[in-house]
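Now for the letters of each chain:
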Amino acid sequence: MESAYGLIRTKEAFMKGLFLLCAVFSILALVTITVFLLVSGIPFIAETGVGEFLLGLEWAPLADSPAYGILPMIAATLYVTALSVVIGLGTGLFTAVCLFRFCNRRLAVVIRQMINLLAGIPSVIFGLFGMTVIVPFVRDYLSPNGVGYGILSSSLVLGIMVLPTIVSVSLDALNSVPESYYEGALALGATKEQVTFKVMLPAARSGILAGAVLAIGRAVGETMAVIMVIGGSPEMPTGLFQSVRTLTANIAMGAMELSGDALSALIATGVVLFVFTLLLNISFSMLKRDKTAGKSKGVLNDKK
Amino acid sequence: MKRNGKLLKAVCAAAAVVLAATSLASCGKKGFDSSKNISVVAREDGSGTKSAFMEIIGLKGKADVSGVIIATGTAGVLTEVKNNPLAIAYESLGYVTDEVKMLKVDGVEATIENIKNGSYKIARPLNVVYKEETVADGLCKAYLAFLQSSDAQKIISEEGYVSTNDSATEYKIESGLSGSIAISGSTSLQPLMIKLAAKFEELQSGVSIEVSGGGSGTGYKNAEEGVSQFGMISEVFDSSKAASCTSYEVAKDGIAVIVNKANPTESIALDKLKNIYNVEAGDAAVTKWNQVG
Numbered sequence: 002m003e004s005a006y007g008l009i010r011t012k013e014a015f016m017k018g019l020f021l022l023c024a025v026f027s028i029l030a031l032v033t034i035t036v037f038l039l040v041s042g043i044p045f046i047a048e049t050g051v052g053e054f055l056l057g058l059e060w061a062p063l064a065d066s067p068a069y070g071i072l073p074m075i076a077a078t079l080y081v082t083a084l085s086v087v088i089g090l091g092t093g094l095f096t097a098v099c100l101f102r103f104c105n106r107r108l109a110v111v112i113r114q115m116i117n118l119l120a121g122i123p124s125v126i127f128g129l130f131g132m133t134v135i136v137p138f139v140r141d142y143l144s145p146n147g148v149g150y151g152i153l154s155s156s157l158v159l160g161i162m163v164l165p166t167i168v169s170v171s172l173d174a175l176n177s178v179p180e181s182y183y184e185g186a187l188a189l190g191a192t193k194e195q196v197t198f199k200v201m202l203p204a205a206r207s208g209i210l211a212g213a214v215l216a217i218g219r220a221v222g223e224t225m226a227v228i229m230v231i232g233g234s235p236e237m238p239t240g241l242f243q244s245v246r247t248l249t250a251n252i253a254m255g256a257m258e259l260s261g262d263a264l265s266a267l268i269a270t271g272v273v274l275f276v277f278t279l280l281l282n283i284s285f286s287m288l289k290r291d292k293t294a295g296k297s298k299g300v301l302n303d304k305k
Numbered sequence: 183m184k185r186n187g188k189l190l191k192a193v194c195a196a197a198a199v200v201l202a203a204t205s206l207a208s209c210g211k212k213g214f215d216s217s218k219n220i221s222v223v224a225r226e227d228g229s230g231t232k233s234a235f236m237e238i239i240g241l242k243g244k245a246d247v248s249g250v251i252i253a254t255g256t257a258g259v260l261t262e263v264k265n266n267p268l269a270i271a272y273e274s275l276g277y278v279t280d281e282v283k284m285l286k287v288d289g290v291e292a293t294i295e296n297i298k299n300g301s302y303k304i305a306r307p308l309n310v311v312y313k314e315e316t317v318a319d320g321l322c323k324a325y326l327a328f329l330q331s332s333d334a335q336k337i338i339s340e341e342g343y344v345s346t347n348d349s350a351t352e353y354k355i356e357s358g359l360s361g362s363i364a365i366s367g368s369t370s371l372q373p374l375m376i377k378l379a380a381k382f383e384e385l386q387s388g389v390s391i392e393v394s395g396g397g398s399g400t401g402y403k404n405a406e407e408g409v410s411q412f413g414m415i416s417e418v419f420d421s422s423k424a425a426s427c428t429s430y431e432v433a434k435d436g437i438a439v440i441v442n443k444a445n446p447t448e449s450i451a452l453d454k455l456k457n458i459y460n461v462e463a464g465d466a467a468v469t470k471w472n473q474v475g
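As given, the protein sequences belong to chains A and B, one line each in that order. Residue numbering for the first sequence follows the numbering used here, starting at 2 and increasing by one per position. Residue numbering for the second sequence follows the numbering used here, starting at 183 and increasing by one per position.
In isolation and in its complexed conformation, chain B is listed as follows (with noise of 0.2 Å):
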């Protein structure tokens, strides 16, 4: 009789936890509402995507709009974005799951190929400035050769950037190659170089890289003096900053808008989107669904 009663009670607690668990998790089942607010999520402060995104859509060193809900990492916008109906996001392309639905943007769809073309806006290149004679032979040479070559183009796409290098070959390994090369400019681009840099020093022992940051203007003007002998900028080579110098498109930096799959929005215009994520919008802030439109 005391067993059972025991007995009972915790059949009795387990089933009210099961029922308020399932009920509650139920609840979360609810769809689109227009007439609501944007969710507007963020990445955190010194964020590479933060700030990359902010910067194409100009709003470089701005605040974020009142109400942001601020995810940390990728995989944190990717949840939030998943699991809340009214959010609105940015990701890395190569990042974005199909869990998330991406928008068009202007129209035009996040694809690499409209990446590679221009067609979609928020996309930057990744260039690497340099004199021709410092490539003109020696270790400078193999490694514009390696980053243009399948294995810099695999890490690129591993990475999350994306490759624009179609027809790549094998690096060949070179004998004999030691020294070092500086390389220094957009912290945009730096992580990506610090990941090829690595894989270039395992492919050719004896050679070490060293990549510093500084910003795209740095990277032209340590380029133009000689200071590096590869200077890295986020934004398409502007030859008025460097005058002796070509350039070289490492990979593009693609952006996608994500928002959750229950959002009916198919596209938006690039200036909604700024206006959405611009603190300084005023009365053009968009902060409902239906402003979207």
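Bound conformation, chain A alone (with noise of 0.2 Å):
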């Protein structure tokens, strides 16, 4: 009897320690990817100047007297993706409203299957449907100069890849705000839609706003599908028919081909990235922290 309890306690201590070095795993993951941008970043932005760095205007890694600022990489990637995001939420916002009450509820099923659908589609298709279809689109009927790479393609593809984010997590907080609210105002005589726009969406606000955040962070770190509509040219961005570069798309269009200063100012852009993913990430949880003690306020739950 009592060896057969030895054995179960050992199985059990053994398999803690399995699952404890599995968690263990994931930090030791993020740790080593810390310490490595660290590490091979911090020492060449400092070497550079950390203004000459991030509002040097000039990148030319490979010129004769080599300018490395990435001003104008930051500048396109929070351009894009400020944009992206507006059309993105533009169009993902009322999606989320119509699946919600206005939409004949197998139609909803269907469009919400067809949504994650497209959340599954990876990014070179998406990259490679901005290329043959967007870019030449843009050049042909949207452009002044005949320029179709650049920002508004890519703002275009990026907005496409985010409305699956914005779609889901809308209707997530839709769905999750008291259905006491919906009555309630309901029976106050207002109608359905001053219900959806004026009770419904501001009480879902936070919720809609950490999607938004997600679909943030997703757009800044976009790479593939953007390398391929963006264009390249390390410029200020001053308009919407422009080639631009991202921080993503200068380390990966960079990354195979440099090496020595070149790559260590690659990484130092990389350091840049992680900075502004951990800032969308810290805020997202801020909001998502607020949704929830914001939920846990409210009366009754709605789900069925």
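Keep in mind that the hints were calculated from the coordinates and are not lab data. Only a predicted model underlies this, so the values are computations on that prediction, with no experimental measurement involved. You can take every hint at face value.
Facing chain B, a subset of chain A residues (Cβ under 7 Å, in silico):
#1 Ala-61
#2 Leu-63
#3 Ala-64
#4 Asp-65
#5 Asn-146
#6 Gly-147
#7 Tyr-150
#8 Gly-232
#9 Gly-233
#10 Ser-234
#11 Glu-236
#12 Ser-244
#13 Gly-255
#14 Glu-258
Label pairs and their calculated CB-CB ranges:
#15 B/Asp-420 - A/Val-87: 55 to 61 Å
#16 A/Ile-43 - B/Ser-449: 49 to 55 Å
#17 B/Thr-428 - A/Met-225: 46 to 52 Å
#18 A/Phe-103 - B/Val-461: 52 to 58 Å
#19 B/Ser-339 - A/Met-225: 32 to 38 Å
#20 B/Glu-384 - A/Val-51: 49 to 55 Å
#21 B/Glu-314 - A/Leu-129: 53 to 59 Å
#22 A/Val-87 - B/Glu-384: 56 to 62 Å
#23 B/Glu-237 - A/Asp-262: 18 to 24 Å
#24 B/Gly-243 - A/Val-125: 31 to 37 Å
#25 B/Ser-362 - A/Leu-118: 55 to 61 Å
#26 A/Gly-121 - B/Ala-451: 48 to 54 Å
#27 B/Phe-214 - A/Lys-289: 51 to 57 Å
Note that the Cβ used here is the ideal one computed from N, Cα and C, for glycine as well.
Could you fit the two chains together into a complex? Lean on the hints.
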């Protein structure tokens, strides 16, 4: 009897250790990546000068007198991300509202499935679509100077890519608003439209914001699809129809070809990108905490 | 009834998708407009083709012109030029397909003949420099014979370079060769030289060849000082830089200027081409196709 217990205990201890190891492994990966980035990126930034690196306007790592300014890339990243989230949020939010109460139930299921499918498409396929359809379309019909690559094309592609995130997070946020809000407002004589736009959407605000932050994270970090439609010229963005380069594109375009100082400059670009996504993650978890706190105050749970 | 409704919806959705796709795809077919900006296509930093092209047209180490489209890899350049009626790009002659159009430069067509006889301007010789006594016998003599052989010419053409030795014969494997050769210099010749060296090592087992970079300057210096048996240079041999050496032209590197098939331009002057790619061209900058004429 006793030996059987002993065996179970050993097994238990072993499994416990195994699970702990798995848990520690992901932390270890995070720490390793962070240390790698900082160790190989920070000395380069320090050597170049923080101001010159972050605020420099010229990027020419292979020139006779190399310049490593990434401000144009930071600006392009912000520009493209903002525009794509505006496009994505505009369409996505109304899609969520439609699916929430205004759409035939069965059709809603179909649309939701389709949107989930959209989320599963590999980004390189979005890039391919952008390169062969959106870029020529922008070049031939929208652009005044015949430039297809650049900010508008990238924002359109990214706008489509962030749609699934925005739709599903917004819809979840709308669904988690207590049913009593909806019924209460209807009982007070508000129309369905008024309830949705004046009561439900404001109540779901923090959830929708969290979705927007997630979408921003995706847009900032997206590389493959962007690199295929962005053009890649490292210059300050001034208009919609202009070839620019984002932080991710900068890293991806050079990583296979460059070495030495130029490669360090790319890793330093990675540090900046890492800080960007870190800030976004922190703001996302803060918004989420806010949302869960709000929900616990709700009287009823509408989950059926 | 229920089933029918579902089916109808599915059919409608599919039809809408197809319709949207075809209408968008057909939009892509729009012709050439000479009043629009030239889509200047360049390769990513660190590309050998890019550094060779910029060096030949006299823009070595300069940044790309504003608004440039960076295409990654040979395939990226060709796809872009094939699809964009306003594009101009450069590509190693050996990789250009008939889906794009090659421009004449100063009226001279980019053909292997014209590169060999020197009339096509965007080309340069890739030479090895060595001392006569080094190749008098033994391993180095065998390697030089290999570079002149048809085995080497085959690799040169396969890699997209212009082979200049027409009357080459097959390399005869010599028995009992061993030892090592050091080759250094131009990074433009380096990738080809690595391929050639690998083939030689395969033919002559027991031989090892070390190929390193450093630039054409290093090639002259190492050959002159005997640090390497062969120095690689990507320019016309200048005997004042290595007085005791001679040179052999391994291959020529020809770069074609390519445009879309819808583009009616046939020929471009070298200085116009330079002003398309020159970030410091100022008022002379060529940005529209009707300025090329």
